[in-house]
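Participant: Residue-level listing of the chains:
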Amino acid sequence: MRGYLARKTLVYGVTFVVAVTLNWLIPRLMPGDPVQRMVARAAVQHPETIASMTEYYERTFGLDLPIWQQYLNYWAALFRGDLGTSVWLFPTPVSQVVLDAVPYTLGIMIPAILLSFVVGNSVGAMAARSRWLDNVALPVGYLITAMPYMWLAILLAWGFGVALGWFPVAGGYDFGLVPQWSWSFAGDLLQHWVLPFLSLFLVSLGGWAIGMRNLIIYELESDYANYLAALGAPRRLIRQYAFRNAMLPQITGLALQLGTILGGALVTEIVFAYPGLGKLVLSAIQNQDFFLLQGTLLFVVIGVLLANFVIDIVYVLVDPRTRTGLTGGTA
Amino acid sequence: MALAVNDLKVWYRTVRGDVKALDGVTFEVADGEIMGIAGESGCGKTTLGKALIRLDTRMRHVGGSVVLDDVELPLADDGAMRRHRYREVSLIPQYAMSAMNPTRKIGRMIRDLLSAHNVRYADVLPELERRLELVGLDAEVLGRYPIELSGGMKQRVVLVLSTLLNPSLLVGDEVTSALDVSSQKAVARALVEFRDHGFVRSMIVITHDISVLFQVADTILVMYAGHLAEKAPAKTIISQPLHPYTKMLIGALPKVGDRYEEQQLEGIEGRPPSLLEPPAGCRFRDRCPLVHDKCAEAPPFRKVAEGHHVACWAVS
Ligand SMILES: Nc1ncnc2c1ncn2[C@@H]1O[C@H](COP(=O)(O)OP(=O)(O)O)[C@@H](O)[C@H]1O
Ligand code: SF4
Ligand SMILES: [Mg+2]
Chain A
1 MRGYLARKTL VYGVTFVVAV TLNWLIPRLM PGDPVQRMVA RAAVQHPETI
51 ASMTEYYERT FGLDLPIWQQ YLNYWAALFR GDLGTSVWLF PTPVSQVVLD
101 AVPYTLGIMI PAILLSFVVG NSVGAMAARS RWLDNVALPV GYLITAMPYM
151 WLAILLAWGF GVALGWFPVA GGYDFGLVPQ WSWSFAGDLL QHWVLPFLSL
201 FLVSLGGWAI GMRNLIIYEL ESDYANYLAA LGAPRRLIRQ YAFRNAMLPQ
251 ITGLALQLGT ILGGALVTEI VFAYPGLGKL VLSAIQNQDF FLLQGTLLFV
301 VIGVLLANFV IDIVYVLVDP RTRTGLTGGT A
Chain B
1 MALAVNDLKV WYRTVRGDVK ALDGVTFEVA DGEIMGIAGE SGCGKTTLGK
51 ALIRLDTRMR HVGGSVVLDD VELPLADDGA MRRHRYREVS LIPQYAMSAM
101 NPTRKIGRMI RDLLSAHNVR YADVLPELER RLELVGLDAE VLGRYPIELS
151 GGMKQRVVLV LSTLLNPSLL VGDEVTSALD VSSQKAVARA LVEFRDHGFV
201 RSMIVITHDI SVLFQVADTI LVMYAGHLAE KAPAKTIISQ PLHPYTKMLI
251 GALPKVGDRY EEQQLEGIEG RPPSLLEPPA GCRFRDRCPL VHDKCAEAPP
301 FRKVAEGHHV ACWAVS
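Protein chains in written order, with UniProt numbering: chain A, 1 to 331; chain B, 1 to 316.
Excised from the complex, chain B in its bound form (with noise of 0.2 Å):
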């Protein structure tokens, strides 16, 4: 097993008290595997991302912990964390599109970088040469600065990038959201096939638009307001989604509920609630068509098959 987040708590520090983006999460990820994480915007996707690699200034770890490869990764020390980045755990940003230096020439960025990792560039180019060919980039663009870069072209350059020193885990936020269709689907298979050669061990795979998912992802973990709602393999929650969330996240799909015998949902109505002072209880509650009096205490993730677990009271 590649990764084991067990109870994971990491909240926003403001002037009108914590955001709880992040409050006890726990799943796992198997070598080898690409989860996809779904969940509308805002509730704590690229939080849990960024939770995995690099806590920002206002992100604080509340508690839980993060095992990769059998080794507990030291979330809150921000030092210590920097041997297990890029080498073990990796990340494409939510804002690849201006990941890069602008006035850097990427190759001229890339040799800093490994520099500053102890890897000489020369004894990596061939191998950066080959992946660039693999996402359909000439080796011409290391001699060219970002802004000269399409945005399609900028993303695959961040994901040879982000993997070349083959991490054990992948983070990628919203990898796809800011393309157009056709570089999406090109954007999608890379992803794949680095997992397939080997570039990436297991790969963690954000989105806010589940459909995306069903192209990459073996396994899909939907989130709601800071909790988990649902884990299953991807074709288990296109086929029989358990929790009312994930059925009405895929209802809001059209193609999905028009193959599916699923009551058509219209859209998702309401708001997720505040993190800042989230409800006692199961989260989704106020939205919830199921939702009935034991909903007033937390429901636990169980496990309800081999792989599939969900957090529903509703769920026997």
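For reference, chain A alone in the conformation it holds in the complex (with noise of 0.2 Å):
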């Protein structure tokens, strides 16, 4: 277990240097002068006042430095939690533009793995022994499962936020409102939230739901549930065991899920116009703020990493048969 905990410690160790490092590199290595855009925004046409204001720029983000001075000065920053500057929110530092739009990405994500992983698995488990519920279930199940997510949210939108009305289809919260502590703004704020994650939710919700059922049928009809039915034991107990282990792969399953937690909902922030991280990705690029756009990557990065190096531990705990693959086994 010990020489187990140190080779992944390496293993995640390495990785999140070399992708703290590609994340240093590639903003570098895109098109586009980022001072340049903030000195043409300016719309100050005296060239005088553009080369200082060039320069001033520069040395605000580090740039006049040779680049492996950059390199060094950036993991120095990055230990100090300073990600720079925003150049599209000048002069808001990156670190307080992405730590506000996380509560946003989590707010939808947690629920929405959690929920659907619950929901999904128990209606897999049901579906495993009711053949009423498995013919409902499992068409409907492949049917949100093989939908593009992009139509499933869009079909969202359209259905409850244009024809009904029932939901708003864009922001976190009105933009007639200033975020406080109130009923009304929480309310509100509930309001946005409902289609974004309900998309999520349906998403990968029959997915749980079929390789629940799967797994499950799967299970019972191994050796082991043979065996036990052969010497007596009551349907309930077989059940029992099967729905245990079919619970492993699946809770890998989740694992994977919770390390796209900061990453995952990309897609649906676009669609909905929703101010989480994937949104602020794509604000980003569409303002060429590269500081920006390494911080919120940088920031997803290793939640992914430090998710799965605790899933990977976690799962050894939960599973004998990955523990005695380690030690070596004694059969």
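Just so you know, these hints were derived from the structure itself, not from any lab. Quick caveat, the model's predicted, so the values are computed rather than measured. Glycine included, C-beta positions come from ideal geometry on N, C-alpha and C. Hints may contain errors.
Said to hold, decoys possible - Counterexamples of contact, computed for chain B against chain A with all Cβ distances above 10 Å:
(1) 70
(2) 93
(3) 104
(4) 117
(5) 177
(6) 189
Stated by the list, open to error - To give a feel for the contact side, a few chain B residues facing chain A, derived at Cβ under 7 Å:
(7) 54
(8) 99
(9) 116
(10) 119
Said to hold, decoys possible - List of simulated lysine to any residue pairs, SDA-like, C-alpha gap at most 25 Å:
(11) B:105 - A:217
(12) B:105 - A:221
(13) B:9 - A:315
(14) B:303 - B:233
(15) B:105 - A:158
(16) B:9 - A:251
(17) B:105 - A:125
(18) B:303 - B:63
(19) B:9 - A:7
(20) B:235 - B:308
(21) B:105 - A:21
(22) A:8 - A:28
(23) B:105 - A:226
(24) B:235 - A:21
(25) B:105 - A:222
(26) B:235 - A:223
(27) A:8 - A:223
(28) B:105 - A:315
(29) B:105 - A:223
(30) B:247 - A:313
(31) B:235 - B:303
(32) B:105 - A:244
(33) B:105 - A:248
(34) B:9 - A:240
(35) B:105 - A:252
(36) B:247 - B:33
(37) B:235 - B:301
(38) A:8 - B:103
(39) B:9 - B:235
(40) B:294 - A:223
Take the two lone chains and join them into the complex the hints point to.
Facilitator: Next comes the structure, spelled out in structure tokens:
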């Protein structure tokens, strides 16, 4: 177990360094000069003013230094929690912009992932033993799973937002309101939350249900289930074992989903103009704000790595089969 | 008499029709008897073993009866059968290597199973540990997962588990087939010991390798293509087999062929017939050196001597 931990830590550590380096590199290889953009946006004509503005911005962003120093500074700043300054929302620090967006993303992703997991697996487990439910749940499950997410989201936006008018279709809250701790603002937040959440919830629901159904049916036909039945075990016990074992791969699946928790809502946030990290990525690209892009992506990468690391460890604790695989087994 | 099987027919439903894997078999197993069942793969041994304890969803009880300790077993009624399983008739399945839930510790699984039978684990634990010791296992295996055990250890755990409630009849399917020679010997010895200790009253030991049966079986039943060919005490089967198929099976064993003045038969030529549309008459006809006109009719499974039954027209 200790060797395993050390190995995993090393792998994730190296991945992290590579990811940070790539992340630092990519915006610098992208077309478009952010400083020129900002200067252009200021709409000044005077060449001297332009020169001094350029110099000022380059110093602020640290672009006047040799490339290797920029890289080292980037790491140093990273450990101070400093992700630079946003060009688009100048002079707000990138970390501030990102942190403001995080709650929106988590707010739709966490409930969508967890609820679809719970509901989907429950429906799947029930479908595995009820022919009637199976006949309904299976086609519906396949339908919503096969539907491209984009369609589903647009269909929801059109149906519940435009046609029925029950929910707003864009934004995190009404643009006329000022964010504050009040019931009316909370209600407004909730209204804007429903459709993005629902689209994410529905899109993974079918997969969980179908997966669980198939896994349980497979488990119920496995050797240990037959042996228990031959020894007169009641169906309840056999189902309980089957359910437990079927849950293991589902937990891996959940883990993988949790890994996407910070970056997985990109399309959703774009379709519903929801102000989370995904939307931020888009805005950063549109505004050629490479500090913001870097900061957001870095945040997403760290989230993915961290989630997967935790999951690797939890999974080993849950499933004895992986555990013996690690110690070489005694079989 | 512990077990009486009468004209039992169990078929598999398939898309191409019924596979008549067990097509009218009649035999008895006495109290304390260890009966071996031998025959090539696919002749219906596993089907017979399963029929006695639990039909799977594709199996259909077409006819005949099974009486255990004077009570007829409700083979086709899964719910009613459940009361007889484990306490009266128990099974060591063909797949014993994967018979235990991989994600439960062995002791925990036994506890779950026992409590489903309203037996307290703590009450049985001393006996359980004693029996594990008897088969050469430390009680510590109860705290392990199946994957942590070797094949021979798993087989012995399954033996102890399957017989824990002292069933009247134990069906062991290919109990030694997956094991190396030394584990085979240990398991074979354990089977006899369990009978001798009275943990199990009677046993049916199924194998495609007839030589295994010489170590454990009192009597041997030879099956061919869903029918019975011969049943006799193990010694008789070795020294005076009567059915041509039995002779071939024995002849296929080099050791036995040397020891007895049997003509050396070069393996067994040909293959058993399809059980989807089995031919009328004796099913061994295509491969039998003694085949004659009469064989177009199915030979009855007749008694030729005390405890010796044969189904063959060429045997007087
Ligand atoms: N699930 C099944 N569906 C259809 N046919 C089967 C099934 N299981 C076994 N059979 C057929 O029944 C016959 C007997 O099989 P089995 O009892 O497993 O033989 P043995 O144990 O002697 O090797 C074989 O011809 C086999 O092909
Ligand atoms: S009945 Fe005929 S075909 Fe069948 S075993 Fe006897 S001699 Fe051979
Ligand atoms: Mg078999």
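Participant: Beyond 10 Å on every Cβ pair: is that true for residue 104 (chain B) relative to chain A?
Facilitator: 7 Å, violated
Participant: Does residue 223 (chain A) sit within 25 Å of residue 8 (chain A), going by the straight-line distance between their CA atoms?
Facilitator: Roughly 34 Å between the alpha carbons, so the hint for residue 8 (chain A) and residue 223 (chain A) is violated.
Participant: Straight-line Cα separation of residue 105 (chain B) and residue 158 (chain A) no greater than 25 Å?
Facilitator: 53 Å, violated
Participant: Check the hint pairing residue 9 (chain B) with residue 7 (chain A) against an upper bound of 25 Å on the C-alpha distance.
Facilitator: Given that 25 Å is the threshold and the Cα spacing comes to 59 Å, the pair is violated.
Participant: Given the hint that residue 9 (chain B) pairs with residue 315 (chain A), does the C-alpha gap stay at or below 25 Å?
Facilitator: Between residue 9 (chain B) and residue 315 (chain A) the Cα gap is close to 48 Å, so the pair fails against 25 Å, i.e. violated.
Participant: Grab the minimum beta-carbon distance between residue 117 (chain B) and chain A and tell me whether it stays above 10 Å.
Facilitator: It is violated; residue 117 (chain B) is separated from chain A by about 7 Å at its closest Cβ, not greater than 10 Å.
Participant: Classify the hint on residue 54 (chain B) as holds or violated, based on whether any CB of chain A lies nearer than 7 Å to its CB.
Facilitator: 5 Å, holds
Participant: Quick one, are residue 235 (chain B) and residue 301 (chain B) close enough, alpha carbons at most 25 Å?
Facilitator: Measuring from Cα to Cα gives roughly 20 Å; hence the hint holds.
Participant: Tell me if the straight-line CA distance from residue 8 (chain A) to residue 103 (chain B) falls inside 25 Å.
Facilitator: 24 Å, holds
Participant: Would you mind confirming whether the straight-line C-alpha gap from residue 247 (chain B) to residue 313 (chain A) stays at or under 25 Å?
Facilitator: Answer violated: residue 247 (chain B) to residue 313 (chain A) is near 60 Å, above 25 Å.
Participant: Has the given pair, residue 247 (chain B) with residue 33 (chain B), been kept, meaning a C-alpha gap of at most 25 Å?
Facilitator: 23 Å, holds
Participant: Is the interface hint satisfied for residue 116 (chain B)? The criterion is a beta-carbon contact with chain A at less than 7 Å.
Facilitator: Holds - the Cβ of residue 116 (chain B) comes within 7 Å of chain A, reaching about 5 Å at its closest.
Of the hints listed earlier, those the structure fails to meet are numbers 2, 3, 4, 10, 13, 15, 16, 19, 21, 22, 24, 26, 27, 30, 34, 39 and 40, in rising order.
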